[in-house]
Amino acid sequence: MSILEYSATELKKKLEAKELTSVEVVTAYLNQIKEYDGEIRAFSFVNEEEALNQAAEVDSRRKRGEKVGLLAGIPVAVKEVLATEGQKTTCSSKMLENFVSPYNATVVQKIKDEDGILLGRTNMDEFAMGSSTENSAFGATSNPWNTDYVPGGSSGGAAACVAADMAPLSLGTDTGGSIRQPAGLCGIVGLKPTYGRVSRYGLVAFASSLDQVGPMTRTVADSALLLQAIAGHDRLDSTSANVEVPDYLNDLEKPLAGLRLGVVTEHFGEGLDEEVRQAVNDSIEVYRSLGATISEVSLPHNKYGIAAYYLIAPSEASSNLARYDGVHYGYRADEREIWQELTEERHRLVADGDERSATSPLVKMYCKTRSEGFGAEVKRRIMLGTYALSAGYYDAYYLKALKVRRLIQKDYLEAFKEVDLLIGPVTPTPAFKTGEKTGDPLSMYLGDLFTVCTNLAGVAAISIPCGFSKDGLPIGLQLQSPQFHEQQLLRVAHMYQTQTDWHIKRAPLAS
Amino acid sequence: MALSLEEVRKVALLARLQFTEEELVELTSQMGDILKYVDQLSELDTEGIEPMAHAAEVQNVFADDIQQPSLPREVIMENAPKHDGKYYRVPAVLGDE
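For the protein sequence lines, the chains are A and B, in the order given. All the letters of the first sequence, read from the start, carry residue numbers 1 to 511 under our numbering. All the letters of the second sequence, read from the start, carry residue numbers 1001 to 1097 under our numbering.
Next up, chain A with everything else stripped away, as it sits in the complex (with noise of 0.2 angstroms):
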């Protein structure tokens, strides 16, 4: 077996018994890199020289004997929106194109402190707002199961970088699905941790009361490795929960008896693609050979989830975003075109009468800077949210929009008092073609169907390949638990991993 066919966990193994060292590691995942990720263009950023360097530094440490993390020596990549000391954290953003990061977040220090290797910096939506990571500004990645497909987003770089092979741990963040549809489009494991598993410290805010780090791996027991390292509570941000971290690994090949899954009915409704249909149905009779109690769930208010979701996170991300001023930090317009603009607009009102509405000089340095730095998908959600949060609209919009997320939150406390966890589709379609949604925003929203009610109610997700289409794109499977129950998400989600093989296709790169 070659390097890149092992799991992180077999990784791992493999390094403790010294049979590898993290030097051929990294290099294994850098050559992998340089020849593939022109084409699928995962990575903003390869950390080339410094990982080399601290692997081979892990790598003396070990062979002295000294105490090593629980990643020493793998391979870690990081989505662009995590901060990261002495990195560019552009959040594939022109706004932040230039801006190094003064300290690391929370989960990125965490990965250096248990010796994980920081491989590179992952492509995504600009600011985390897309499902398809089209809407980055430097480019859009590619499905490495068929290019011409989207790999899915916000995180699409963290999840096509795991399915090319180029790193067999990769972190991710999730504020509406951003982990799990990546993740089942591109035939990996995406899991979104219960909100405040996971430190926020330093994970560049897009809707605060949603957004969550988690991994994305190609197994299910390399996304407990993960998060292993990741949970916990931290001083630093404070809604990040004070709650036991159990030992996500330990209890992983504990059998599963008396399970009682719950098939979400308003998952199975129109819209849902007959390939994806079957292969849940599929993967449900695995679940019930096992032992599993299968039973019908309703979630009633779940259909509400988009528009709730489409309300909440643009009204969040307005506010978060305004930090972005041209001042403190990132980019600012060009000086001599402010002043240009500036004059143009008083010559017009001068002949007009109206000289004392001129923009002030500041006002209009905002917002030429930010309507310069931002794109087009993040530009129309600080609107949606600008507007959802105006005088005369907030009742009606996104006071609205809290009370039908308290009953969708309330419809899973309700199913959690019947089953032990939901399963169902991650996505109602497997990858659309590049381009295909980029003229319709509402169409690109409505594919966050399964996924944006997770993180409304803030319980946990995981998403696992279950299959394939006839054009050879995976198909996602995706388990709910209640709030901090990941280690039973975790298992059951194993078990699925032990009779199927899905996860361990690989796909079919041309160089």
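Hints are supplied without guarantee of correctness; some may be wrong.
[Unchecked claim] Restraint ranges, calculated between C-beta atoms of paired labels, are given here: (1) Asn242(A) to Glu1043(B): 36 to 46 angstroms; (2) Glu1021(B) to Lys34(A): 23 to 33 angstroms; (3) Val1075(B) to Arg235(A): 40 to 50 angstroms; (4) Val1075(B) to Glu50(A): 16 to 26 angstroms; (5) Glu49(A) to Gln1040(B): 49 to 59 angstroms.
Quick caveat, the hints were computed from the structure, so don't treat them as lab data. No experiment lies behind these values; they were computed from the predicted model shown. All residues carry an ideal CB built from backbone N, CA and C; glycine is no exception.
Position chain B against the provided structure of chain A, taking the given hints into account.
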């Protein structure tokens, strides 16, 4: 609620964004579609329902009031588009220059 071009223009100023006339027209139509879609929420009776602003409904998380080191000024300033080493530089807030 139909959205007008003028409303969108007003929201753009509130959001500190500027658009060309062509962009404003497109945005008005796209935002209109999205708002029409989200209007389905109005069919739900939410009388007496407590709004849910956050998934982790924690309150008053206090940190101990201990002085701790912060990043040095010059490190922070390095990312600013314009500064004089001590302060951020911005165009005049009032007036011309």
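Structure-based check of all given hints:
1. The hinted window of 36 to 46 angstroms between Asn242(A) and Glu1043(B) holds, with their beta carbons roughly 39 angstroms apart.
2. At about 46 angstroms, the beta-carbon gap between Glu1021(B) and Lys34(A) misses the expected band of 23 to 33 angstroms.
3. One distance hint, 40 to 50 angstroms for the beta-carbon pair Val1075(B) and Arg235(A), is violated here, with the actual separation near 22 angstroms.
4. Separated by about 19 angstroms at the C-beta atoms, Val1075(B) and Glu50(A) satisfy the suggested range of 16 to 26 angstroms.
5. Roughly 53 angstroms separates the CB atoms of Glu49(A) and Gln1040(B), a value that falls within the hinted 49 to 59 angstroms.
Of the numbered hints given earlier, the model fails hints 2, 3; all others are met.
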